[in-house]
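Asks: Chains X and B, in that order, are what the protein sequence lines are.
For the first sequence, the numbering used here gives the first residue as 1, with consecutive numbering after it.
For the second sequence, the numbering used here gives the first residue as 1, with consecutive numbering after it.
If you are wondering where the hints come from, they were derived from the structure by calculation, not from laboratory data.
Here the structure is a predicted model, which means the values were calculated and not measured.
Backbone N, C-alpha and C define an ideal beta-carbon position, used for all residues, glycine too.
Hints should not be assumed to be uniformly reliable.
[Claimed, not checked] Negatives, chain B to chain X, calculated, CB over 10 Å:
#1 Leu25
#2 Tyr30
#3 Phe49
#4 Asp232
#5 Ala275
#6 Ala478
[To be verified] To give an idea of the interface, some chain B residues facing chain X are shown, with a C-beta separation under 8 Å as derived from the structure:
#7 Met5
#8 Cys22
#9 Ile26
#10 Leu29
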Amino acid sequence: MDFGIEHWLCVGLRHHGALLGLNYIDMLDNYLPILLFIIVGIAFGIAPMLLGRLLAPNNPDPEKLSAYECGFEAFESARIKFDVRYYLVAILFILFDLEIAFLFPWAVVLREIGWFGFWAMALFLAILVVGFVYEWAKGALDWE
Amino acid sequence: MNSIMPNLYPASAEIFVLIMACVVLIVDLYCGKKLPGIAFVLTQATLVFGGVIVWLTADAHVALTFSKMFIDDLFGDFMKIAILATMAIAMTYGRSYLDDRGLNKGEFYLLALFATLGMMVIVSANHLLVLYIGLELMSLSLYAMVALRRDDAAASEAAMKYFVLGALASGFLLYGMSMIYGATGTLQIDEIARQLAYHAANKTVLLFGLVFVIAGLAFKVGVVPFHMWVPDVYQGAPTAVTLIVGSAPKLAAFVMAIRLLVGGMFLVNEYWQLALLLMASFSIVLGNLTAIAQRNVKRMLAYSTISHMGFMLLALASGVIDGASVADLRFSVLNAYSAALFYTVTYVLMSLAAFGTLILLSRAGFDAEMLDDLKGLSRRSPWFAAVMLITMFSMAGVPFFVGFFAKFSVLEALIQADRIGVAVFAVLMSLIGAYYYLRVVKLMYFDEPVDSTPLVAPTGLRVMLSVNGVVIALAGIAPNSLMSICALALGYSL
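Isolated chain X (complex conformation) (with noise of 0.2 Å):
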């Protein structure tokens, strides 16, 4: 008989989830999608390069090898201190976009979810466009 490799990791995860009174196989129904999609993904990342490293000619020669074939040479290390303007920026950033992320799924179900769910949405961007006024009204958006 051939056992493929996922009736032993079945085996295994079913032996080590009686251990902590969990039932993986069931679990792991669900998160297959998410598997494959991991293993495309990375096979999609590794096999390009892997291709292109062992398929194609390699004649280097010090124009091929410097870092553009037109342009400035770089000036220095991009590694450098950044205004803290910019983190103002980004952070700022990073909040309005996170509310946006959380409109979406409400938008998905606010047929189910009534009017309830749309004063509760209106009420968490109320309280975000009072965040929003003090941080416009302090400057925080003026670069100069």
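Position chain B relative to chain X; hints supplied.
Replies: Using the frame of chain X, we list chain B on its own:
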């Protein structure tokens, strides 16, 4: 999907504080220049009216709302009033100090209000994630407050340390919560208790989670081995902020311990009692011994906090007596936990007075924080030296001051739980601790003042500090009323 409107009545105080925090933000933004005191006045009004709302909506009925994630009981109401009152006192003390240092900005009051809101959410949490959100709201506000004096190296260092270690502790807590969820299948605190009682939860996962939750909790309370941040934060933060960090959050952390350990995981008490007992013993040793070596009063009080919180945990760890009947168990549990609550409340009162005195001695361009700054206080101001005397005697546990009764009730709980060895050890350690409290008294009464500038503190601070001292003295004369309030508040929730 069921989405009926939740009952907002039990959360009315929190909603009020949230709305007022937004109002303070906007009002200070547009009227802050013209009316510099507006943020202070509005904040105090919020804290006072918030307390009134909690008082008016308090009843013996336990109300659950927001899909049972939010609980409103008498214990919570008592703690919310205590937190609001503590914050109001701290605001009164801190105002002139902040004014003199150019820190009296709207943001300070705003952060204080959000921290208060976070603490109120912790107090009313019946769900691990609600508890976590409250905790983060409180902690993030406190980190920012510690960093308020941002061009000061010590304050920045303190804030950085507090933030990094605090984030780590939050991570611990969340990880522990996820493990508890894995073991019981629920995040709702009363449901966790039910699952543990009626269903076989996986013990390995549960205890794994419990350890992490206790670690997170210990960090927030500031006990060994999670105490590293306490001295640096106490010393580095502006005194007005140290006052806040060292008072109200202890009350919130106490509720967190009660809700998580007693409310949720009472059935595994044999494990967490042991953990608390160990941390408490180490805290008492380290806190008391290290405080002796300190020359900086804020740092000394930080180590004293560590040992006091250790003492409080001793009471929390001695609720259950081996082999007791159910009726006896109820009595001993209530007795021990109300001793812990009484200890926390009186400790907060004393620490307010101690840091209040430091603010009283400070003035523009001068921070009173070394022991030498307290020298000869009795000659500079006999009355406030007496207030500090009461506070120090009380912290040391000298008989007939309130700290004595607090220590006494903790020791009583320990002896009832048959932990006589631990009780003797705790008494010995508090005897050692008495040295550094009494040293402060000696410096105030028997040494010549190093600096004899007259005190310039404003009337509000003087009146509040006097009231604080009188309350500590009165609580020492008649501790029974406060003790029975503590027992009553807890009795309705256990």
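Asks: State for each hint whether it applies.
Replies: Now for the hints, and whether the structure bears them out:
1. Not every C-beta of chain X lies more than 10 Å from that of Leu25(B), the closest at about 6 Å, which undercuts listing it as non-interface.
2. Not every Cβ of chain X is farther than 10 Å from the Cβ of Tyr30(B); the closest lies at roughly 7 Å, contradicting the non-interface assignment.
3. No Cβ of chain X approaches the Cβ of Phe49(B) within 10 Å, the least distance being about 20 Å, so the stated non-interface status holds.
4. Remark: the non-interface label on Asp232(B) is consistent with the geometry, its nearest Cβ contact in chain X lying 24 Å away (cut-off 10 Å).
5. Distance check on Ala275(B): its Cβ is at least 22 Å (rounded) from any Cβ of chain X, clearing the 10 Å threshold; non-interface status holds.
6. With 10 Å as the threshold on Cβ separation, the claim that Ala478(B) sits away from chain X holds: the shortest Cβ distance comes to roughly 45 Å.
7. For Met5(B), the interface hint holds, since its Cβ comes within 8 Å of a Cβ in chain X; the closest pair sits about 6 Å apart.
8. Here the hint on Cys22(B) is kept, as its CB sits about 5 Å from the closest CB of chain X, short of 8 Å.
9. Interface hint status for Ile26(B): upheld, as the beta-carbon distance to the closest one in chain X is roughly 7 Å, under 8 Å.
10. At about 5 Å, the closest approach between the beta carbon of Leu29(B) and any beta carbon in chain X falls short of 8 Å, and the interface hint on this residue holds.
Taken one by one, the earlier hints fail for this structure at numbers 1 and 2, listed in ascending order.
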